[in-house]
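There are 2 protein chains.
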Amino acid sequence: MTDAPEKKSPVKARLPRGLADRGPAELAATNRMMQAIRETYELYGFEAVETPFIEYTEALGKFLPDQDRPNEGVFSFQDDDEQWLSLRYDLTAPLARYVAEHYDRLPKPYRSYRSGFVFRNEKPGPGRFRQFMQFDADTVGSASVAADAEICMMASDTLEKLGIARGDYVIKVNNRKVLDGVLEAAGLEGEGRAAQKLIVLRAIDKLDRLGSDGVRMLLGTGRKDESGDFTKGADLATSAIERIIAFTSARGETNAATLAKLGDAVGASERGREGVQELADMSALFDAAGYGDGRVTIDPAVVRGLEYYTGPVYEAELTFAVKDEHGRPVRFGSVGGGGRYDGLVARFRGEPVPATGFSVGVSRLLAALQAIKSPLVSGASMRGPVIVLVMDKGEVARYQGFVQRLRAAGIAAELYLGSAGMNAQLKYADRRNSPCAVIQGSNEREKGEVGIRDLVLGAELASSTKDRADYLELRQRAQFAVSEDKMVEAVREVLGR
Amino acid sequence: MTDAPEKKSPVKARLPRGLADRGPAELAATNRMMQAIRETYELYGFEAVETPFIEYTEALGKFLPDQDRPNEGVFSFQDDDEQWLSLRYDLTAPLARYVAEHYDRLPKPYRSYRSGFVFRNEKPGPGRFRQFMQFDADTVGSASVAADAEICMMASDTLEKLGIARGDYVIKVNNRKVLDGVLEAAGLEGEGRAAQKLIVLRAIDKLDRLGSDGVRMLLGTGRKDESGDFTKGADLATSAIERIIAFTSARGETNAATLAKLGDAVGASERGREGVQELADMSALFDAAGYGDGRVTIDPAVVRGLEYYTGPVYEAELTFAVKDEHGRPVRFGSVGGGGRYDGLVARFRGEPVPATGFSVGVSRLLAALQAIKSPLVSGASMRGPVIVLVMDKGEVARYQGFVQRLRAAGIAAELYLGSAGMNAQLKYADRRNSPCAVIQGSNEREKGEVGIRDLVLGAELASSTKDRADYLELRQRAQFAVSEDKMVEAVREVLGR
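From first to last, the protein sequence lines are chains A and B.
Heads up, the first sequence is in this note's numbering, so the first residue is 1 and it goes up one at a time.
Heads up, the second sequence is in this note's numbering, so the first residue is 1 and it goes up one at a time.
Hints are computed from structural coordinates only; laboratory data are not their basis.
Hints may be right or wrong, so weigh each one.
Since copy identity is lost for identical chains, a pair holds within one copy or between any two.
What the hints assert, rightly or not - Distance condition first, Cα-Cα at most 27 Å in a straight line; then the derived DSSO-like pairs of lysine-lysine:
| # | residue 1 | residue 2 |
| --- | --- | --- |
| 1 | K393 | K172 |
| 2 | K323 | K373 |
| 3 | K427 | K206 |
| 4 | K161 | K123 |
| 5 | K197 | K123 |
| 6 | K108 | K393 |
| 7 | K172 | K323 |
Computed from a predicted model, the values in this text were never measured in an experiment.
Let's have the full structure, built from the sequences with the hints guiding it.
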C-alpha cells in the first residue's frame with residue numbers, strides 16, 4: 001500500500017454528485033438547532049428512538065413524493081442471501097416497521113422523535129441533496145385529532161424556541177377527508193381513481209410555486225415547465241377543476257369562516273363532513289390553548305404530496321421574505337410538515353393503527369435560521385485554540401508541557417506540529433482563528449519567560465495606522481513577556497479581553 | 001394505499017441481521033459520552049468535520065481489517081452513470097479523500113475529529129454489527145511523532161474524562177518500523193513479501209485472544225479454530241517465528257528497558273533503528289508531560305491489523321476485569337486504536353502526506369462505561385413526562401390547557417391521547433415512567449380543583465403494608481386535591497420530592 005501510490009496514477013479526490021461535506025461551523029449550528037428541537041419535543045413527552053440506515057426494501061415500501069417510477073428514488077442493494085436492502089428514504093417508513101415489530105412492549109399511544117440522515121437516489125440540484133437530515137416526531141396509537149393538534153402546537157413552539165418570531169411563521173392545517181369530500185362532490189370518487197387522486201393532490205401541493213393557473217393546467221390536460229418538460233395532468237372536467245380551485249382558496253378571515261366555506265365545498269359527502277368536523281375540533285383545541293391567534297390556521301391550500309395521509313395534514317411555513325439570488329424578495333416557505341397516516345403500520349399488522357407525525361427539513365430550517373441571523377446558529381465565529389509555537393525543535397517536550405498546562409486549565413490549546421518557521425506558524429494560527437500564541441525562543445527561555453501574543457489585537461493594530469495616540473500602549477498589550485509560571489494567567493487575561 | 005393492507009398478506013416487520021434499533025436510554029448515554037469525547041478533542045485543538053455516508057468505491061479503496069476477499073466487506077451499488085458507490089466502512093478513508101480534495105484551503109497540519117456510523121458487509125455475530133459508530137481524531141500534514149504522542153495523551157485524557165480511573169486503562173504504543181526491522185533482521189524483507197507481512201501482523205494482532213502458541217501456529221503453517229475453520233499461516237521458518245515471538249514479548253519494566261530490548265531485536269536494520277528512535281522520542285514527550293507514569297506505555301505486542309500503518313501504532317486498552325457470560329473474569333480489552341498512515345492521502349495526491357489518527361469504537365466503549373457504572377452513562381433512570389388524564393372526553397380542550405400550563409413552566413407533560421379508561425391510563429403513566437398524574441373528573445371540576453397523584457410514592461405505598469404508622473399520612477401525600485390555579489406549584493412540589 002505505502003509504496004503503491006507512486007506507481008499508478010492517483011485516484012481522483014471527489015464526492016459523488018448530491019453529497020456534501022460539512023465543516024465545524026455548520027456542524028456546531030446544526031447541533032445547537034437539533035438540541036433546541038429535542039428539548040421542545042421532550043417537553044411534550046416525546047422520547048428518542050433510532051433505527052438503522054439500512055432496512056429490507058420490502059419493509060420500507062414505496063412512499064416517496066414525486067416518485068412514480070418503480071425501482072427509483074431509493075438506494076438499494078442485494079444482501080448475501082439475495083434479499084433486497086435499501087437505505088432509508090425517510091424516517092416514517094422505518095418507524096412503522098419499528099412500531100409493528102415491538103408493538104406489544106411499547107406504551108400506547110407511543111410518542112417518539114427521531115433524527116438523522118435519509119437518502120434519495122434522485123437527480124440532485126441546487127439545495128437538493130441525495131443525503132439530507134430530517135427530524136421527526138410521531139404519535140402512534142391515537143385516533144384522536146388531539147394528537148394532530150398537539151403536534152401542530154409543538155411545531156409552533158419549536159419554531160419560536162429556534163428564534164423565529166411570532167408572526168414570521170404559520171402552521172397551516174387541512175384535512176385529506178375534506179379533499180376527498182370535494183372530489184366526491186365533484187363526482188371523482190370510487191375504484192380506479194387512486195392514481196388520478198394522487199395527481200390532483202400533487203397538483204394542489206404545487207399551488208405555492210405555480211399559482212392557481214399552473215394548478216389548473218395540472219388538473220386539466222397537463223403543463224409544460226420552463227425547461228420544456230411536460231407533466232401529464234389529471235384530465236378533469238372544467239367544472240371539477242373549478243370546484244377544486246375554489247376549495248383551495250376557501251380560506252376565510254377566521255377559522256370559523258374557513259370551516260363554513262369548507263362545509264359548503266364538501267356538500268353531502270359524509271367523508272367530507274367528517275373532515276370538516278375534525279378541523280373544527282382541532283380549531284377548538286388551538287383556541288383553548290391560545291394558538292388560534294394566527295400561529296395555527298386552517299388553510300385548505302395545504303394538502304401535502306404524500307399518498308399515505310388519511311386525515312389531518314399540516315405544514316410549517318415561514319412567512320418572512322428573504323432575497324433570492326437575483327435580489328428579489330421571496331418567501332422562505334415550508335420547513336416541515338406532516339399528517340395522519342393510519343395505514344402505514346397496518347402494512348405489517350394487517351389491522352389499521354392510527355398514527356400522526358411531523359417531519360422537519362433540517363437543512364432548510366438551518367438555512368432559514370441563518371437568513372434571520374438567529375443567535376442560535378450564527379453567534380460569534382468560532383474561536384480556535386491557543387497555539388504554542390515551536391521556536392526550537394530540540395525543545396518540543398518543553399513546549400508540549402506549556403500546552404499541557406493550558407489544557408489542564410480548561411483552555412483549548414495545541415502545539416504547532418508542522419515543520420515551518422515562525423511566520424508560517426503565525427499564519428497557521430490565523431487560519432485556525434487562534435486568539436493567542438505562546439512563543440518561547442532561546443532568549444526568553446534563558447530568562448525563564450514566555451512571550452504572549454494577542455492575535456486579535458495584533459490584527460487590529462496591523463490594519464490601523466501608527467499615528468494613533470495609544471499605538472505604543474496597544475502594541476505593548478498585543479505582545480508581552482511573562483515568567484513561565486505566569487503563562488496560564490496571562491493567556492487567560494488575553495482570552496478575556 | 002390505505003385500503004391495500006387488508007387485501008394482501010402483511011409485510012413482516014423485521015430488521016436485516018446485524019442491524020439494531022436503539023432506545024432512549026442508550027441514545028442519551030451515547031450522546032453524553034460523545035459530548036465528553038468532543039470536549040476533550042476540542043481542548044486539544046481538533047475541529048469537527050463530517051463527510052457523507054456514500055463515497056465513490058474507488059475513493060474509499062480497500063483497507064478493511066480481516067478483509068482479504070475482493071468485493072466483500074463493503075456495501076456497494078451502482079449510480080445512474082454506472083459508477084460504483086459504497087457506504088463508508090470507516091472514517092479514515094473518507095478523511096483522506098476530504099483532505100486531498102480540499103488540500104489547499106485547509107490549515108496544515110490539519111487536526112480534525114469526526115464521528116458517525118460506518119458499515120461493514122460482513123457476517124454479523126454477538127456484539128458484531130453491520131452498522132456501528134466510530135469517533136475518530138486525526139492530524140494530517142505533520143511528520144513529527146509529537147503528533148502521534150499527542151493523540152496518545154489525548155486518548156488517555158478522554159478515558160479519564162469518561163470516568164475510567166487511572167490504572168484501569170493503558171495506552172499502548174509501538175511502531176511498525178520496528179516490526180519491519182525485526183522482519184528484515186529475520187530475512188523477511190523485500191519484494192513480494194507484502195502479503196506475508198500482512199499475515200504476520202494480523203497474527204500478532206491476535207496475541208491477546210490466542211496467546212503466543214496460537215500466534216506461533218499462524219506464523220507457521222496455520223491454525224484450526226474451535227469451529228474447525230482453518231486459517232492459513234505465514235509459513236515462516238522456526239527461527240523467524242521465534243524472533244517475532246521474542247519481539248512481541250520484549251516489553252520491559254520501564255519504557256527505557258523496552259527500548260533497549262527493541263534495539264537488540266532490530267539488529268542492524270536501518271528502518272528498525274528509526275522506529276526505535278521514534279519510540280524513544282515519544283517516550284520523552286510522555287515523560288515530560290507526566291504520562292510516562294503508566295498511562296502511556298511502549299508495548300511491542302501492539303501492531304494493529306491494518307495494512308496501511310507506516311510508523312507509530314497505538315491502542316487504548318481497558319485493564320479492569322468484567323465477568324463474561326459464564327461468570328468468569330475477563331479483561332475488557334481494546335476500545336480504540338490508531339496509528340500513522342503516511343500513504344492514504346498519497347493515493348489521491350501522488351505524493352506522501354504524513355498523517356496519524358485514532359479511532360474509538362463507540363459501542364464497545366459504551367459497554368465498558370456501563371460495566372463500570374460510569375455516572376456519565378448509567379445515572380438515574382430517565383423520568384417520563386407528567387400525564388394529564390382524560391376523565392371526560394368532552395373536556396379535552398380543558399385538559400390540553402393544563403398540559404400547556406405545565407409545559408410553559410418547563411415541566412415535560414402530555415395529555416393522554418388514547419381511548420382507554422382511567423386504570424389503563426394510569427398503567428400507561430407507569431410504562432412512561434411518569435412521576436405524577438393530573439386527574440380532574442366532574443367532581444373536581446365543579447369545585448375548580450384538580451387531583452394530583454404522586455406515582456412514585458403511590459407505587460411505594462402499593463408495595464408496602466397498611467400497618468405502617470405513617471400510612472395514612474403518606475397516602476394523603478400520594479394523592480391530594482388543589483385548586484386549578486395551584487396545579488403547577490403542586491406538580492412541581494411532587495417532582496421535587
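Status of the hints after comparison with the structure:
no.: 1; hint: K393 with K172; in the structure: between (65 Å within a copy, 25 Å between copies)
no.: 2; hint: K323 with K373; in the structure: within (14 Å within a copy, 53 Å between copies)
no.: 3; hint: K427 with K206; in the structure: neither (51 Å within a copy, 45 Å between copies)
no.: 4; hint: K161 with K123; in the structure: neither (34 Å within a copy, 45 Å between copies)
no.: 5; hint: K197 with K123; in the structure: within (25 Å within a copy, 45 Å between copies)
no.: 6; hint: K108 with K393; in the structure: between (65 Å within a copy, 18 Å between copies)
no.: 7; hint: K172 with K323; in the structure: within (23 Å within a copy, 56 Å between copies)
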